[in-house]
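Number of protein chains: 2
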Amino acid sequence: MSDSVVNLKQLSKSLGLSQTTVSRALNGFPEVSEKTRAKVQAAAEKLNYRPSPSATSLATGKSRIIGHVVPVSEHRMINPHFSDFVAGASDAYAEAGYDLLIRAALPEQEADIYRDFASRNRVDGVVVHGPMVHEPRIKLLQSIGLPFVVHGRAGDEEHSYSWMDVDNRSAFEQLTHYLIELGHRRIALINGLESMNFARRRRLGYETALSDHKLPVDPDLVTSEDMNEPYGYRSTRRLLEASSAPTALIYSSILSALGGLRAVNEMGLRPGKDISLATYDDRLSFLQAGDGAGQSSYFTSVHSSIQDAGRRVGEMLISQIKDKNSAPKFELWKSQMDIGKTTGPPR
Amino acid sequence: MSDSVVNLKQLSKSLGLSQTTVSRALNGFPEVSEKTRAKVQAAAEKLNYRPSPSATSLATGKSRIIGHVVPVSEHRMINPHFSDFVAGASDAYAEAGYDLLIRAALPEQEADIYRDFASRNRVDGVVVHGPMVHEPRIKLLQSIGLPFVVHGRAGDEEHSYSWMDVDNRSAFEQLTHYLIELGHRRIALINGLESMNFARRRRLGYETALSDHKLPVDPDLVTSEDMNEPYGYRSTRRLLEASSAPTALIYSSILSALGGLRAVNEMGLRPGKDISLATYDDRLSFLQAGDGAGQSSYFTSVHSSIQDAGRRVGEMLISQIKDKNSAPKFELWKSQMDIGKTTGPPR
DNA sequence: TAGAAAATCCAAAGCGCTTTGGAAAACCCT
DNA sequence: AGGGTTTTCCAAAGCGCTTTGGATTTTCTA
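Taken in sequence, the protein lines are chains A and B. Counting in this note's numbering, the first sequence runs from 8 upward without gaps. Counting in this note's numbering, the second sequence runs from 8 upward without gaps.
Source of the hints: derived by calculation from the structure; they are not laboratory data. We treat Cβ as the ideally placed atom computed from N, Cα and C, and that holds for glycine.
In silico contact screen, one side only, chain B against chain A (beta carbon under 7 Å); selected entries:
1. L65
2. P87
3. S90
4. S97
5. L107
6. L108
7. N235
8. L262
9. N272
List of simulated lysine-lysine pairs, BS3-like, C-alpha gap at most 25 Å:
10. B:K69 / A:K69
11. B:K336 / B:K69
12. B:K46 / B:K16
13. B:K42 / B:K53
14. A:K69 / A:K329
15. A:K46 / A:K20
16. A:K16 / A:K46
17. B:K69 / A:K16
18. B:K329 / B:K146
19. B:K69 / B:K329
20. B:K46 / B:K20
21. A:K146 / A:K329
22. B:K280 / A:K280
23. B:K53 / A:K146
24. A:K69 / B:K16
25. A:K69 / A:K336
26. A:K53 / B:K146
27. B:K331 / B:K69
Using C-beta positions, here's what the derived DEER-type ranges look like:
28. A:A66 / B:P335: 32 to 42 Å
29. A:A252 / B:R192: 34 to 44 Å
30. A:A66 / B:K42: 33 to 43 Å
31. A:L222 / B:S250: 45 to 55 Å
32. B:L211 / A:D163: 52 to 62 Å
Start from the sequences and build out the full structure, keeping to the hints where you can.
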């Protein structure tokens, strides 16, 4: 309760012990008897002792901080998926006694920031967000020697670093497959930016399903942009107003799906009847029903919680930091399919 | 380019100067000649010198980190407005050489975290998010002596601390007023949690407008919950299916407005014709059109960019940290009204 | 019970920076 | 040129922790 600030020296003086012993007692070293350890812990509690992070960090070379650099594009668009991911990650960090540090950066500054992070150990490790098909950050971080876990995967060398990803390819294959079986022949894909690896994999899955059914791949039915609501609206309108409109649309994000839904409604089309909509769903918390109780979702979707992903990536990174020279770990999550009300046989 | 790590000692040895002089040269102290300062800076650049944050922090007692504690509710719902706010704030921080630290916490842990932050100066200041009507954090932070800026305001004592807020009350008064002038008599308010101060002010504005026009305030037309999409959907359906349904609805967030739109569409009502929808709009980046070019918005709304707010709050906090005993500063932003396509005279 | 082994503790040296309190050098004026 | 300023620099003492290398005490073994 007391807000007085005690440091190690004062604490050990009050105990009549050396700083060494007190430090060791508190940090669980074996060369201190359980009796004194208990005494020390009690005193620390009572005097409200909290070690200074900067002093600890200076002495150990560890900061107990995980870095996230968030790429700020020219449009200052912040990826809303980021907040859910971070919620999960910071949860894992808090449990392990780590803090989360964020630095906003233009893409071209990112490399320099990593160097800065590492050279003066401001952070003990970083999470790499949004890996591209060609991902220079991975080699950079490896050469710097800064521990990292990638959320997603880069296009190549999947075994030289740790990552956690969902099976985007099979998710989209499954979704497309389902629509084809319903009878759809012209299916559009409102994809994310295909410089991103996840988007490329999704497209691959989509095309695989089409090919499997001997259906043509029409490039006019695929769009690729930053996944937000207006993009979903805009591209849906454009596609549906074209001469040979698709009968089904697959969205790479529920945000663009919401935009698509708005467009469809505005055009007087009934989802699931006149037009079919399906989407990938990151289970963004602010779009989820609060109760969560078994009510089936509105959109037909494949889903996987990005918040859970954040937590898992955080855990993986921390365990990697603790055991520095452990082998890279990979985790590939399957996403769940969920039939909602927005799909049906074509008219 | 070189990844070698040089510290002050090595740098000063290579220059044939003392650590004192080099440190002073780099930190812009006047007691060093411009000639040596230039020499020092050149060498620092060449050797890629970066001061160690923990050492600096230990020596100065300043961490150059701003703390944000994000309250994690039981539902693990992360406020999506948070990501945009943080984008703006971290931008301001980056400019001033500060980093942003996030710690996830259950509401009951928050006080302890502030104490922890301050006692060992892990952070130099904090941003207080989501102030309640009664806000214990303010007194706590004042007693601890940790600099802070509130995003929003608490209900009382507005002059003892720094804050930045939008004029929620007049914004909602204006919106309600507009709907009344269009001819609406039964107007619903889909509000945020009214334990939050901003929601209370919004309701006040809404009620003021009604009273000004001698219209009754019907508690059945007001709902109060966490602002997300499903909430908007659910409450809209419920309200519109009731015996004496409103002809217009005002939403406290564009997320619930999107939910409301979904409900309305599903019921076969045309927004702006059969039913009027208006909303407060935080200009969340992922709902904004990428081009931004003068296209009028879809929703009738009052708006103010929460990202800009984040940047401003960040700036205010940093200036307060730099000038510790400056008087509290307040900023009240007016929000802009924008007539969209979702409102019209009642049927 | 003596001697060795194990358990327990400590003084002091860092970690990499800032800053105090001077000292030395350079400059300025009459 | 001599005195006082002003400028320029430095040695060393912290900041609050961890950790090395011993010293001291206790426990165990025969």
